[in-house]
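Heads up: the sequence lines are chains A and B, in that order. By our numbering, the letter at position 144 of the first sequence is numbered 144, and the numbering carries on one by one without gaps. By our numbering, the letter at position 217 of the second sequence is numbered 217, and the numbering carries on one by one without gaps.
What the hints contain is simulated information worked out from the structure, not anything from laboratory work. Certain hints may be false.
Selected chain B positions facing chain A (Cβ under 8 Å, derived; list incomplete) [to be verified]:
id, residue
1, 112
2, 113
3, 119
Computed footprint of chain B on chain A, listed as stretches where at least three residues anywhere in the stretch have a Cβ under 8 Å from a Cβ of chain B [as the list claims (entries may be wrong)]:
id, stretch
4, 74-82
5, 86-97
6, 102-109
Built from N, CA and C at the ideal position, the CB exists for glycine as well.
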Amino acid sequence: MIKIENLSKTFSGKSVLDNINLEIKEGEILVVLGQSGTGKSVLLKHLIGLLKPDQGAIHINAKDITCLSEKELLKIRSNIGYLFQEGALYDFMNVAENIAFPLHEHTQFSKKIIAQKVTEILEIVDLKGIEKVYPSELSGGMRKRVALARAIILDSKILFCDEPTSGLDPIRSRDISDLIHDASRKLNCTTVITSHDIRNSFRIADRVVLMHGGKITAQGTESELRKSQDPFVKDFLMN
Amino acid sequence: MITNLGRALCFLGDIMRHIVCGRIRLGEVLKQMYAQGLQSVIIIMMTSLASGLVLALQGYVAMARFGAKEYISHLVALSLVRELGPVFTALIFSGKAGARITAELGTMNVNDQLLATRTMGVDPIEFLVVPRILACFLVLPILTVISEMVGIAGGYMVGVGEAHIPGPFYINQTIKAIQYVDFFSGFIKSFFFSILIGWVCCYQGFTTKGGSLGVGKFTTKAVAYSYIFIIVSNTILTKIILTFWG
Numbered sequence: 001m002i003k004i005e006n007l008s009k010t011f012s013g014k015s016v017l018d019n020i021n022l023e024i025k026e027g028e029i030l031v032v033l034g035q036s037g038t039g040k041s042v043l044l045k046h047l048i049g050l051l052k053p054d055q056g057a058i059h060i061n062a063k064d065i066t067c068l069s070e071k072e073l074l075k076i077r078s079n080i081g082y083l084f085q086e087g088a089l090y091d092f093m094n095v096a097e098n099i100a101f102p103l104h105e106h107t108q109f110s111k112k113i114i115a116q117k118v119t120e121i122l123e124i125v126d127l128k129g130i131e132k133v134y135p136s137e138l139s140g141g142m143r144k145r146v147a148l149a150r151a152i153i154l155d156s157k158i159l160f161c162d163e164p165t166s167g168l169d170p171i172r173s174r175d176i177s178d179l180i181h182d183a184s185r186k187l188n189c190t191t192v193i194t195s196h197d198i199r200n201s202f203r204i205a206d207r208v209v210l211m212h213g214g215k216i217t218a219q220g221t222e223s224e225l226r227k228s229q230d231p232f233v234k235d236f237l238m239n
Numbered sequence: 001m002i003t004n005l006g007r008a009l010c011f012l013g014d015i016m017r018h019i020v021c022g023r024i025r026l027g028e029v030l031k032q033m034y035a036q037g038l039q040s041v042i043i044i045m046m047t048s049l050a051s052g053l054v055l056a057l058q059g060y061v062a063m064a065r066f067g068a069k070e071y072i073s074h075l076v077a078l079s080l081v082r083e084l085g086p087v088f089t090a091l092i093f094s095g096k097a098g099a100r101i102t103a104e105l106g107t108m109n110v111n112d113q114l115l116a117t118r119t120m121g122v123d124p125i126e127f128l129v130v131p132r133i134l135a136c137f138l139v140l141p142i143l144t145v146i147s148e149m150v151g152i153a154g155g156y157m158v159g160v161g162e163a164h165i166p167g168p169f170y171i172n173q174t175i176k177a178i179q180y181v182d183f184f185s186g187f188i189k190s191f192f193f194s195i196l197i198g199w200v201c202c203y204q205g206f207t208t209k210g211g212s213l214g215v216g217k218f219t220t221k222a223v224a225y226s227y228i229f230i231i232v233s234n235t236i237l238t239k240i241i242l243t244f245w246g
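Full structure from sequences and hints, please.
Written out as structure tokens, the structure reads:
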């Protein structure tokens, strides 16, 4: 479903992604783990076409998105959900308007059906009855859940989540991880999550990729990674 | 500097392409018109009234020396309609509505909301910039006309109250003084200024970086650039209009 080939990116002479090769199967939940500044978010931004690589290709449904124009990318992105680290909800819209935005843009549903869908998805993310509340009045965890609702409202088959648990307490981190997991399974979404939250990553991931210095150091299931003899992998998982 | 100017011109080209070929969100345009117009109208009226009063007071002193105080109305009307009205209104508009545009877009930029728009398959220029520019284009000329009328009313107060010119005579002289060419030479400028303000302020908002400090910095920059561009372009426009139109 998603295939990354020889992907490299340099910023001001510093290599951020160094010859990344990765294949993500349909319906798989993949977590990209790593320390801050190892290129996880940059990788995610390449996957949705917000950044162009210096070299390499990214195939989504057999289409190389690195060669597409912004106009073509906009069309592809309308079928992908993207959850930003801080939610990136529109300040000038209330919760219902934020969630309904992709529906207004990409579907022909009536206002009544859209309102119904918004209510349903708010129930799924356990935020019933906050339709009229503005993002500035929400806590960090609530904002992330609203942002997740907005990311999955179109029933997209691909979901990218950038550090969904950062800045949250352990309970909220677990809740949002479970929500992402459940939503991905329900929609049969191919999901890529970047994180440095080891415990929750192993709980929800089918496969974990560990990045270090712009490269993939190790990948596999929890037990496979725990058996690794690589000093960085051992050190990272220990801490 | 040259790179930045090139990028800003490309940005303007993108906006124009969207206005001509893209989708216009009328609802958003109306929302922006309401916000920009309502925010600026009171301060513009206050400034215009003060300008009209001062013009008439100073005009009265000068004209009285030549025994021509009846011509205060000409002085006030022509100064406001041809020059001061459009320029003052544009300067105040850029300080209020322009700063608001940059601060809004800048905050959205540093909070990833512009990126989020792109990830949802929507072009942020079409969704956020075009409505703001179109609102500027439609609101500023209206504000200019309001400003001119209020300024003339200020002149009327001094003319009638201080210089003891009969009210109907003052109004009659004002109507006689303003010809089509006087009105439209100023009115055209306001359309030009509106595009300039919209372009500069949206571009600064779109390129904002550096968190909340960056928002402040880029907003100040947007207002400063708008002021400079308005004053410089006004000189050029005045010369062109006087050369071709008189």
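Hint check:
1. With a least beta-carbon distance of about 4 Å to chain A, the hint placing residue 112 of chain B at the interface is held under the 8 Å criterion.
2. Hint status for residue 113 of chain B: holds, given a least beta-carbon distance of 5 Å to chain A, under 8 Å.
3. At about 4 Å, the closest approach between the beta carbon of residue 119 of chain B and any beta carbon in chain A falls short of 8 Å, and the interface hint on this residue holds.
4. Counting residues of the stretch 74-82 of chain A whose beta carbon lies closer than 8 Å to any beta carbon of chain B gives 8, which reaches the threshold of three, so the coverage claim holds.
5. For a cut-off of 8 Å, the count of residues in the stretch 86-97 of chain A with a CB near a CB of chain B stands at 6, and the three-residue condition holds.
6. With a threshold of 8 Å between beta carbons, the proposed coverage of the stretch 102-109 of chain A by chain B holds, since 3 of its residues qualify and at least three are required.
The structure meets every hint from the earlier list without exception.
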